[in-house]
Structures are given as C-alpha cells and as structure tokens.
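These are the residues of each chain, in order.
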Amino acid sequence: MATATKNKRTNKVDFDKIRKDFPLLKREMNGKPIVFLDSAASSQKPNYVLRAMDQYYKKLHANVHRGVYQLSQEATDAFEKSRRLVKEFINAPSEKECIFVRGTTEGINLVASSYGRKNLQAGDEVLISTMEHHSNIVPWQMVCEEKGAHLKVVPINEDGEMIMSEFDKLLTDKTKIVSINHISNALGTINPIREVIAKAHAKGIPVMIDGAQAIPHLKVDVQELDVDFYTFSGHKMCGPTGIGILYGKAALLNAMPPYHGGGEMIETVTFEKTTYNTLPHKFEAGTPDIAGVVGLGAAVEYMQKIGHEAIAQHEHDLLKYGTAELKKIDGLRIVGEAKEKASVISFLLEGSHPYDVGTILDKLGIAVRTGHHCTQPLMARFGIPGTVRASFAFYNNKEDVDKLVEGVKRAARMLG
Amino acid sequence: MTINEIQDEIIEEFAFFDDWMEKYEYIIDLGKSLPLIDPKYKDEAHLIKGCQSQVWLHAANEEKQVDFTADSDAIITKGIIALLVRVLSGQPAEAVAHSDLYFIDKIGLKEHLSPTRSNGLVSMVKQMKMYGVALA
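Protein sequences appear in the order of chains A and B. The first sequence begins at 1 in the working numbering and counts up one residue at a time. The second sequence begins at 1001 in the working numbering and counts up one residue at a time.
Do not rely on the hints blindly, as some may be mistaken.
Covered stretches of chain B (chain A as the covering partner; in silico rule of three or more C-beta atoms under 8 Å from a C-beta of chain A) [said to hold, decoys possible]: (1) 1014–1027; (2) 1046–1054; (3) 1071–1082.
Hints listed in this document are in silico derivations from the structure and should not be mistaken for laboratory results. Where a beta carbon is used, it is the ideal one built from N, C-alpha and C, also for glycine.
So that you can see chain B by itself, here it is in the shape it has in the complex:
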C-alpha cells in the first residue's frame, strides 16, 4: 500500500469512533502494542527531546526502503507514533521525504502535532522525512 492508501485506511477506521474517549482508548492500545525499539537505540543519539515527552527514533534502510522503529515515555505519544510508523515505515525513501501527512488532521489529532505541545512529535516527523531525504 502507498502512504496515502494507508492514511485513507486510518481515516476510515477512526470514523467509527463515537467520541474522544473511544478514540483515545484506541490510541492508548496502539501505544501499548507498538513493537519495541531495540533497547540499544534508546540512547542519546536517537533521542528527540520534547518539553513534555521524549521520543526515540531509529531508521534502517533496505534497498531504498526505510524501516522505522520508535518509542516514547508517554503512552499517548507512543500511540500516535504507532500510526506514523504504520504510515511511513517500509515505504520508499523518496515517498517518505515528500509525504504529506494529512491523516493526523483528519482524525482530529492535530493538536498533538503542534509545536507548542512540545511532545517531540513535530521534531520526530521532521526527522523521519530527513531520513527519507538522506536515504533516497
């Protein structure tokens, strides 16, 4: 599936939620089930510091395709990371570099990707795209 096909799939899934509680319960579950980052990458070099929560991001490339693993100390942040990884991991580096992540806004989680929130997510998305540029 392409990046946009996955985004559309997520938007469709989120349309089933009746209220914010259901949505956040789902995100929290995603956070709990995110495959763990290899502990050796949970170091200073892979850390994206936020004022509120911290994020660790690792990228591996295989034949111009980028595979992301990530983690956060906050579970809601981690749940959103799980969505970002689902959308961008395994995609061609070129596509990652030029991706437009419209699904975040569409599923009503824009506030978590606001620079003022300072949870590390904005910098993480930027970092993911940079990996895309570097590995393309």
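Bound-form chain A, shown alone:
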C-alpha cells in the first residue's frame, strides 16, 4: 500500500498519487481517457485489493472452517481476519455480529425475511422513506404481503430531504421496524439517521440502515449510532463484487430464524431435526465467497489507511466545485439539494432526456449513470423519468469535474 501515504510534512493525503493505485482508470472509453463518475453504482478497485485476492487464490485457497490440514487453517485465518477488520472498521461490539452476505440487497432481504417473517403480523407496519432504493422497498413489500402488514413511506421535500414531522406522525405503535438509507443513491441526501434511530428507540422500534452509499464516504460507528441492523456492499468501497456485510445486534440476530439452510449453519443434523450453529455461522450457509471476503478485508485496510476524514473532505470539495460549475450551465437543474449531501450530483438538462445526455457523455469517455437509479417511486415523486447522475469517489479530481462540465455543455449544444 506504498502509494496510499500521507505527506509527513503537511499531513495531507496525496490524492493524485492514490489515483495511480487504480489500474482501470488508465484505460480509454470510446477512444478517450476514461472519466469514471459512476462510483455510486460501483467503485473501481485498487491494486492492493486485486493483489490480495490474487495471492489468496495462488497461495491460500482451501475451503474454510472444515479442514484439519494447515492450508485450510490458513484460509480460515485469512477469512476470519477480514471479519475482524470489518468489526473494527464499523466498531461492532463483536465479530459474531458481522455476517458476510452477498451485498446490501441480501442484507436487507435477510432481515426482511428472517426478522420480518418472525415479527410481523397482520396490521403491523414497516416504515421506509420515499428515497429508498428498490432493494429497500421490494423485500419489505414481499414480507408485508405475506403477513398482511403495510409499508408506510415517509415523504420528502423538494430538496430531497425526509420531512421529519411526517416521520414522527408515521412512527406509531403499529410500526414494527424502520428501514431507511443512510445516504440516497439517487440524490446524495445524507439522512438524519441518529434522529431516526433515537425516535424509533424511544418507542422500542428497531432500525435497519441501508449503508450502501454511506460506507465509502463516512465513518460509520454502529455502537455510537446504536443502530440495530446496518448493511453495506464491498464493491462500493473498493472491494470486490458479491460480498457485503450485515451487522446486527446479537440479541436480535440470536432470536431470528436462519435465512438459508445448508452446510456451515448447522450444529447437528438428523432427518428428524436440525439444530443451528451460533452466530455468525447461523446466517452463513454454504461455502462462502472466501476470495471476496479476503478482498473486502484488503479494501477495509486500504480505506482506513487513507482515512475517512480525508476521503470525505476531498469528495466534499469535488461536490462543491462540481455543483457550482454545473449550475452555471443554462437549463441545468440539479435534482436533490439537501443541506447534508454526499458526492452525488443528479441533474437534468431542460428539454433533454437523461438517456441522450448520457449517450453523448459516453462518446466523450465520461461514464455517468442515467435513468431511474432503481428508485422509480422517487422519480415519480419528482415527476421525472430519471436523471443523469455523476458520483465522485476519492480517486476523482477537479479535472474529471471539468471534463464532465465541458461534456454536459457539448450535450446541451447538440441536443438543444
């Protein structure tokens, strides 16, 4: 990790140097050096993570938690080391509360299915917000339908912020769980989850937080938040795809039935009855994505070395600069202008469809996301088909923002 170092004299992180850790950023797209502004969908991977996974397969691979031989033990050690790193990363009280899942979507499905099925009854309510990703809507809808429970939705204002007075009204004795995203993927809004958690807890209601967008940008401390469930994906924080974390308080997890059945999650099996393993294995049926877990551990180390404070500052600078420059373009409207915002800019060009803008940016080598961002109800709330979304990671720089602004100007000229 030699490059992710701080300049000792100024204690400033050298982000130009860090950018060089990401081999993909050296490639071209449509014959132009790539300007990658879609990290909110998935981040690029540094050499440190790629090497860790390569080394794992070359030197350590065997199935985990099973073999008596040395190699299997070493693989298990590497696997469990990642769990320890994650525990420290989010300051979980115990490693047992950090469950490896495929990603945020599976984390939410696990809780909706296991906790939801056990605790929801006809007439009960699950409380979410208008700005949820489909993956924090559909799993709850499914269990609500099954149980005869209802999904309640906290409205948002024009700036894309939850209306907390409405949240207060919707949080009732019928509410059995609150599930809200920490940061909106489509708007960048940072939600007041401390307030959400405190208010829900005051009524004895547990809270699940979808942390997919927050984990690459903010320091998350699950104990300080006192959150009941917190889930995130590795691939949005420089780790590999297909691996993520569900943190849950042990008392809640222990009381929940298993999600998937299979190997690893059992204690004893007979054809008459199976007893289940303890945490975290109870929720980790089957051979896990071991290389993915090793890669996730490396990503945690990499991110920690740079430091969340420096990352947040750098990204905030890009957000501020990008917002100011884009606003200068005639007919450009930013969708989502929350006071507390992460480095995501969703926008529309007057009279132009997001698909057209995205197509022209693509030709210029600029990767942005267009469409509804898996938040169709949110787009319906704003009465728009979708947006163009540029999202910045710590490996982006001002030059990327300048190229985006130039590209959008060119798109406006061509489409206008």
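Got chain A sorted already, so can you dock chain B onto it with the hints?
Chain B in isolation, oriented as in the chain A frame:
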C-alpha cells in the same frame, strides 16, 4: 425500394460522416423530424418499456403492407427509430417478418440495439417483426 436497398442507401449516407459528432447530430435531427405518432396511440397498449427510455409503436396494415409510426421520449432513440421506420415502413409484411437489419451494425449504432442498453429498441425491432408475421 426493398428493405435491403434502403439499408444500403443509409449505409452510403453514413459513410460521409467524419466523426461521431456529425453522426449523432444527424441522428438527433432525424429524431426531431420524425413524423409524430397519432397521440391516441401513445398509450399503455403501444408502449414498449425500456429501463432507460420508452418507445411507442403503432402498426397499420394495408393490403399486406405494414405502415409503422413510432415515438420515444429520448431524442437519440427517436432518431434511430426514424431509421428503422424508413427501412421497414411501407414494406410487405412478409419481408418485414424476415428482415435482417444489418445496417445498424454497419453504421456503427449496434450499441443502441444491445439488450443491455435497455432503451426499448431491441423490443421494438422484435415487435415490428412480430407485426410482420401477424399481418403477412
């Protein structure tokens, strides 16, 4: 002109463009000038949903010949629709059903007809050919 004669004509026209900008400016112009679909056909029954853009398609038949009108909410999609309509509209249903639309690849717009693009165009071409089959 037959379907293939029109396709060859379009390929020839596109050969004059020096770069992607000129090509896309032309497609955008085509999109702007596409004769509008009768508003009564811009309904759920004629809608082809894409994740990125939406397409409305209507087919009318006159003595085994199919006439297409279409629209999209995205202008580049609409420009490509204009080309597809130029190639397939007014052709015998049988020929529409069996058409091989090679011009899209030849003029470098294949990416827009990729299923992963999800702009409604792939489903639209499929739908056009189905009309051909149904009306033949």
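Task: Numbers of the earlier hints that this structure fails to satisfy, in rising order - done: none
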